[in-house]
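**Q** Chain by chain, the residues:
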Amino acid sequence: MTRQSPKVGVYGFTGCAGDQLMILNCEDQLVDLFGATEIRSFVMAKSDNHEGELDVAFIEGSISTEEQLKKLKEIRERAKVVIAIGTCASHGGPQAMKLGEGGWEERYRKVYGNAKITISKAFEAQPIDAFVKVDMYIPGCPIDKGEFLAAVSKLVAGRHPYLYKFPVCTECKWKENPCILYAGKFCGGPLTKAGCGAVCPSYGLPCVGCWGPTDDLNVSSEYKLLKEKGYNPDEILRKLRKFGGAKVAQLLKDVENKGAKA
Amino acid sequence: MILKMKKEDLSTFLDSVKEWGELRGPTKKEGRVTYSRVDSLSQMDLKAARTIIPPKKFLYPPRFTMFDYDQDGYTERLGDVPKRVLFGIHPCDIHGILIMDKLFLETYKDPYYAERREKTLLLGHSCIPDDKCMCIATNTDFVAEGFDLFFSDLKMFYLVWVGSTKGHDLIRLKPELFSRELDKNDILNYTEYRKWKNSQFKTKIDLTGMPDIFELGYGSPVWDQLGDKCLSCGQCTMVCPTCNCYNVVDEVELGALEGTRDRFWDSCMFREYSLVAGGHNFRDKRSDRLRLWYTHKLQAFIGEFGKPACVGCGRCVETCPVEINVVTVSTALKEQEVGK
Amino acid sequence: MKKLCVVLDEREVQDNPYRPDMWRIVRRYPLTNDVNFYQARPVEMEEALKFNYKPGQFVMVSIPGEGEAPFSISSTPSRPGMLEFCIRKTGSLTETLFEVKENHTLGVRGPYGNGFPMDKMVGKDIMIIAGGLGAAPLRSLLLYVLDNRDQFGKLTYLHGARTPGEMLFREEFIQLKEREDLNCLLTVDKDDTDKWQFRQGVVTELFKHVGPIDSKNTFAVVCGPPVMYRFVMPHLVRLGLPKHQILMTLERRMKCGVGKCGHCAIEYLYTCIDGPVFTYWDVLHMKEIIGRGVSDKTVA
Amino acid sequence: MRELNVEALARVEGDGGITVTLDGKKVKSVTLDIHEGPRLIEQLVKGMTPADDLNVIPRICAICTLSHRYSAIRGLEKALGITPPEKAQLTRELMMLGENVESNSLHTFLLALPDFLGYPSAIAMLNDYADDVKRALRLKKYGNHVMAVTSGRIVHGENPVLGGFGKYPARKALEEIKLKAHELVPDAVRAVELFASLEYPTYSEADMMFMSVNAPKKSFGFAGDNILISNGKEVSAEDYKKLTNERVVTHSFAKRSLYQDGTFTVGANARMVNMGKRLDGQAADLFKEHYNDRWLKNPLYNNLAQAIEMLWSLEHIPDAADQVASMEDPATAEPTRQTGSGTGAVEAPRGTLYHHYEIKDGLIDVADIITPTAQNLDDIERHMKLTAERMLSEGKKDDEVRLHLEMVARAYDPCISCATHLVTLKRI
Ligand SMILES: Cc1cc2nc3c(=O)[nH]c(=O)nc-3n(C[C@H](O)[C@H](O)[C@H](O)COP(=O)(O)OP(=O)(O)OC[C@H]3O[C@@H](n4cnc5c(N)ncnc54)[C@H](O)[C@@H]3O)c2cc1C
Ligand code: SF4
Ligand code: SF4
Ligand code: SF4
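Protein chains in written order, with numbering that gives the first Met the number 0: chain A, 0 to 261; chain B, 0 to 339; chain C, 0 to 299; chain D, 0 to 427.
For reference, chain A alone in the conformation it holds in the complex:
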């Protein structure tokens, strides 16, 4: 089967640009990547960008201004498939952890004072699926080269990408690390989607959750466990909320509410 190379766009919104950078970090495959796809738009990598119909739009970053929202909707309209790359696009990223003193407005005021910024109205960061339909997620902070290339290779071949659906712990065991959580210390592995190869536990460090929440997570059990091990509730919240955005924030709220009732 010969297929036409898909028309691809890569876009970045609020985030650290790490996922786009990871695409550029595919040094050995970059030339092939540009050969196998027709990259119509990739502002971080080139200046001859043509906006128009797309087969696949890779979107990095969360949405936090009206202007971005407009642009996001416009991309959705002309892209057959929209793929969220990175944890910001998939879950909102660190800027959506809904933590810090006061609500978002107050935090904003603390940073910008009362100055009116004219370029666009800002709001608390949200993942892209808060506004448009997302066909696929390639999470990670940043995305993993291998996982990204495997997915793109499949898309180019007209196949469905496959990403691990299980938590980091599984890969952690493949790497034969003794369990940090078992030892009584914090690790976010059970709540976090695999794909990174359990990098952090392999360095003897806890998983901080940068792949975002896995599909089937038991926040309440982990919360209880950490409390038993002597962590204070506030610290647990701050540890667990770093990357999971509204989803984890909500699950934790449920846990707290249940705790309050009990």
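It cannot be assumed that every hint is accurate.
Here are the computed lysine-lysine pairs in the DSS-like style, where the Cα-Cα straight-line distance is at most 30 Å [said to hold, decoys possible]:
id	chain 1	residue 1	chain 2	residue 2
1	B	Lys196	B	Lys27
2	B	Lys27	D	Lys359
3	B	Lys183	A	Lys174
4	A	Lys79	C	Lys176
Derived Cβ-Cβ restraints for the label pairs, each shown as a range [said to hold, decoys possible]:
id	chain 1	residue 1	chain 2	residue 2	range
5	B	Asp223	A	Lys228	46 to 56 Å
6	C	Lys88	A	Glu73	28 to 38 Å
7	C	Asp118	B	Asp223	54 to 64 Å
8	A	Gly34	C	Lys100	46 to 56 Å
Hints are computed from structural coordinates only; laboratory data are not their basis. Keep in mind it's a predicted model, so treat the numbers as computed, not measured. Note that beta-carbon positions come from the ideal geometry of N, C-alpha and C, so glycine has one too.
Following the hints, put chains B, C and D with the ligands in place on chain A, whose structure we already have.
**A** The following block gives chains B, C and D with the ligands in isolation, referenced to the frame of chain A:
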């Protein structure tokens, strides 16, 4: 055949078996005990009670390629597995391999497993139980088969069981190190050793009657309580010597329609594992999944083969962060209460 | 006494149970909106003669780069040299399969599963009850019995679909109604065409029209969506059929088809090698299934 | 009034645009607008433990991830009274060398070079300049590799922690790094030659002020406790506020900095102006050969400065790797107090990066982060304005003006996502 060997000769012997294949043994590095590649006995830690992952990883790696494919079809990736000698395998892990053998070598022989099994020599070693070992309850504290050689450490010397022709071939690499002369004292020594080992177990569980208790406890609220705790992290399945479930995925080369078909460890603790078309899930709840796991190990397998699919290695005890393991689950079912 | 060493010889590699052989799609057309019909022949013709199967068995179908999934064989072994499938579009593999055109190749391995116990069914009356996609494996049995008509007793075929548009093999089954040697009853829940000339209502309604049944001498074979079992099973038990003569096929996720990957395990049974055909008696002992589609108010 | 827009400023990380407003023939204003949304990171880390902070703040910017991490580690260690073991220090230096090679090769070859050679992207240059593109990818991959070996991952590695490392790099990996560095030196030399051979237009030239850290022991380097200013002054990093004076402008979510009411520049060019004489090896020879007075006025020389710096980094990796390999792994150093404050300053590839922390009872009370791009923005606008004015008065076409404006902005290697990280200066 049982032979006798001086303890100080072990090192020489292991140097000679490298002629057959790469030497692997238990090592301890940065607090992790694993089977890894070693050059000599001095790099091994024979005192460690267990490795994080059982030796199944050599026979059935966490992820490997089954086929290369292109438009014309699938070609198996066989033949590139190195020959290996695994030294220091404990009886429980040999029992685990025997269970894997049943699964992978009987009806529909799995060539990937078979090739690795063929190219791997298992050199067992006796062990000292720690507070998590419970092989005495699963009847796997000693082995009669499944190994090529088995070394019982009787303080002054080794008794060496020869379990296969390949094992015997190894002996013949250095016949001068082994003696056939066993006397009365050796028997007494060995009896003493067994008595001593039996007295070392600190985890006392009783698995008799488990099938019935599982049948009776099928609808027990204990399962829901355990389900509330389980993190679905899958660690228990990865470390269990008798867990064999896997998933398969095709990978594609960039810009081509060729690639590999890969296989990797899966776990029945995952929701996706039992999901079918239309979003229906036969085991949507964690409690359902835990029940499947433990029913398989402690009820169904006993029903089929007369022994549990738990070899008492204590790995689930040493890894589950929320203390769900063979000991706590069987106790909870018997006492109808989940321990603290 | 002792287990000898494992030796893997060339022949065993040749028999790698996981290796798909390449088959060519020779016909492909839609049966309904989301179900396609496929007919495939082996690329190597001698394969065709070797490929022997029983109704009720399945094969693993591969699309290179996409993966593999189990599909029932819809054709009958009495017409060798090819295989037929009906495939519903539900996910990754099946979507890609819908894009694979005639003359392209697929990987096929099998046949797997126990299939229907044809040796026990010979000489008996056969009642086939199909709902929706359940017609896929049952068509194999139906065609097999028709091709060996003299070996079986009375043949009844009941088939229900939601609408005429969703009835698999509609024209093929309508033609069967002309035949004297079977009782073919078709029904739809709802007629969306205004051209449907047969019955309307759920499939259990058809039982009213099957006439007298020699229940002890009948094998009933059921395949359909979970809800259907809930209604059909009690009906059959009420008609007096022994539970071990009521057969059904189960569906589970499968990655190997040969009892290794674990996905299809139901307690100690593997759907792929111990099934997919089970008797009602077997199923009643599968605690996981009771209350999930198959209910059993008749047990007590 | 007419507007000349460069909508999305291509080939910078993040999202920005340039607007030139013309009033008749006069340039009324030139603004670099930052569309990247606000993230309020400093507010979010308030109340976190220092270790948790380290997981979040590198995410301000992927391309300076290790600079952020290192700067934060320096600030936090000062605040908590941690004295890192020597091996940790050396490993951190090694990781910074890796980041410098990676980031400078990405910027010079892949982002800046296409402008000078008239291509829309590095990939488009493949046919005519295959060797250079491949050279760039080789260097970049190597820089990434050094980062991965030291920090655990190419981007956002969690391995560098307070008081040390999760796990120190393996000797074998260090040996490989060393061998490969030697191999790549010719590539870096070629990079210097290439960037020295380019013509740097004069439109943007004007007197400039430069700042960088003062690397200790009179050597060239990327971290230090004091800041050098090209007017000859030296200021402690703890006084960073006097240097940077952040303010909000209405056309951007990034804050701006002024020093003594004047704009200033940080980055490779600044490092060369302040510390170029301290370079050694081939980098020193090439610096001497190519350095001249125009560097003091023309931001486009930042490209050449980066190339020379990349060579220096590469030449220093083998030694650094050897030193790390020669030491035993020390234990992680522990905090000696739970309340305190401290400022870390490091040289990210694009300039000085400050992380200031105040810690109370083990939790972060104040976090203040000043990024290089935020410091550069005013100078970028100033040089863009000059460029626009001069080019328009020469009657240049809009397209050409647009390209040159982009070249100026790009020369600063702005990391826009990093510039929109937000800082509390005025505490309300
Ligand atoms: C013995 C047997 C016979 C079958 N016969 C037929 C047939 O004749 N025609 C037909 O259309 N389908 C049949 N199926 C179901 C078919 O295998 C699934 O529809 C198919 O695997 C879905 O694959 P997918 O990649 O398209 O879906 P996926 O993208 O993998 O998933 C889509 C949905 O299908 C589910 N799914 C995945 N694997 C299976 C599975 N093995 N069984 C059921 N659901 C699954 C997923 O959980 C998900 O909900 C049969 C299944 C079995 C076990
Ligand atoms: S260390 Fe963390 S990731 Fe690894 S198994 Fe334990 S909880 Fe999971
Ligand atoms: S282990 Fe966790 S924090 Fe570390 S890279 Fe993986 S997902 Fe991210
Ligand atoms: S039982 Fe324990 S180890 Fe197993 S999945 Fe649940 S939490 Fe993880």
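**Q** Which numbered hints are broken by the structure, listed smallest first?
**A** Of the numbered hints given earlier, those the structure breaks are 2, 3, 4, 5, 7 and 8, listed in rising order.
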